[in-house]
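*Asks:* Sequence:
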Amino acid sequence: MNFLKTTVLLAALTGLLVAVGGLIGGTGGAIFFLLLAGVMNFFAYWFSDRVALAMAGARQISEAEHPRLFQIVREVARASGMPMPRVYIVENPSPNAFATGRDPKHAVVAVTTGILRLLDERELRAVIGHEMGHVKNRDILTSSIVATIAGAISMIAQVLMWSSIFGGRNRDQNPLVALLVILVAPIAATLLQLGISRSREYAADETGARVTRDPLALASALEKLKMGIAAVPMEPTPAQEAVSALYIANPFRGEGLANLFSTHPPLDERIRRLRAMAGRI
1 MNFLKTTVLL
11 AALTGLLVAV
21 GGLIGGTGGA
31 IFFLLLAGVM
41 NFFAYWFSDR
51 VALAMAGARQ
61 ISEAEHPRLF
71 QIVREVARAS
81 GMPMPRVYIV
91 ENPSPNAFAT
101 GRDPKHAVVA
111 VTTGILRLLD
121 ERELRAVIGH
131 EMGHVKNRDI
141 LTSSIVATIA
151 GAISMIAQVL
161 MWSSIFGGRN
171 RDQNPLVALL
181 VILVAPIAAT
191 LLQLGISRSR
201 EYAADETGAR
211 VTRDPLALAS
221 ALEKLKMGIA
231 AVPMEPTPAQ
241 EAVSALYIAN
251 PFRGEGLANL
261 FSTHPPLDER
271 IRRLRAMAGR
281 I
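Positions 1 to 281 (UniProt numbering) are the ones given, in order, by the sequence shown.
Any given hint could turn out to be false.
The calculated label-pair distances, taken between Cβ atoms and stated as ranges, are [claimed, not checked]:
1. E63 / G279: 19 to 29 Å
2. R68 / R272: 28 to 38 Å
3. P266 / E91: 25 to 35 Å
4. G28 / S62: 46 to 56 Å
5. R74 / R253: 30 to 40 Å
6. G279 / R78: 20 to 30 Å
7. R253 / G28: 37 to 47 Å
8. A239 / D103: 47 to 57 Å
9. A64 / R117: 11 to 21 Å
10. R59 / K224: 20 to 30 Å
11. G81 / E235: 30 to 40 Å
None of these hints come from the bench; they were simulated from the model. For clarity, every value in this text was computed on a predicted model and none was experimentally measured. By construction, the Cβ of each residue, glycine as well, lies at the ideal position given by its N, Cα and C atoms.
Sequences and hints are given; from them, build the entire structure.
*Replies:* This is the structure:
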């Protein structure tokens with residue numbers, strides 16, 4: 001179901017690109033901006049792991065430093081049928097974790113010092129299962145494709161805005177339609193992008209729960225993370241905001257309207273789904 005939802009949202013995002021591109025330059029205009037955004041995200045795809053680790057302030061550790069953590073990661077990797085990933089630590093008291101890497105051979109799992117103190121071994125294994133699920137599901141590739149299309153839509157809207165300001169607008173173009181594209185298209189693209197991101201979180205929850213065969217452990221971990229992040233949220237620096245979507249849970253304190261624009265689905269809903277899985281595994 002999560003795969004189907006992602007496919008539908010990707011199709012909607014692509015359709016939005018074609019429609020918006022057609023308003024400014026026809027099919028050729030849409031293809032041009034798609035290729036331009038693709039080149040930009042091609043480099044992001046290949047080097048995103050290095051950038052994310054640097055922004056998060058993560059450092060690679062050896063097995064001698066955290067032998068038990070390495071054992072847990074190795075067990076989950078083996079159960080997932082993937083190679084052992086590199087392991088990183090983020091010196092931050094806020095509990096969280098993330099994974100990156102364009103494929104299983106280049107996977108990285110990073111955990112904060114806060115999550116190591118908060119979770120027990122069973123819960124930590126479940127969190128590692130979730131993160132390895134992202135790698136197994138090739139979510140870095142999916143997010144790169146989504147970023148490419150959304151980026152192209154934003155570029156088209158910006159070009160249309162500047163051409164309207166400086167009088168370069170096509171005379172046959174309806175000014176109301178142009179205004180709608182400038183204002184609505186980027187917002188619509190962002191909402192579709194968020195929808196895909198949330199679907200991938202649900203999918204990683206399910207993949208990790210099936211690999212560890214313990215959905216209740218991940219539900220328990222998410223409950224602790226909800227309380228732990230509320231008590232000790234990360235500081236929303238530009239660097240942490242840039243990588244916040246990678247974390248297993250939103251690392252910042254946010255309630256109400258802010259959740260509408262979060263890359264993460266509500267923790268309570270994730271917990272509910274995991275508990276419902278318990279009887280089926």
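*Asks:* Among all the numbered hints in the text so far, which are the ones the structure does not match?
*Replies:* 1, 8
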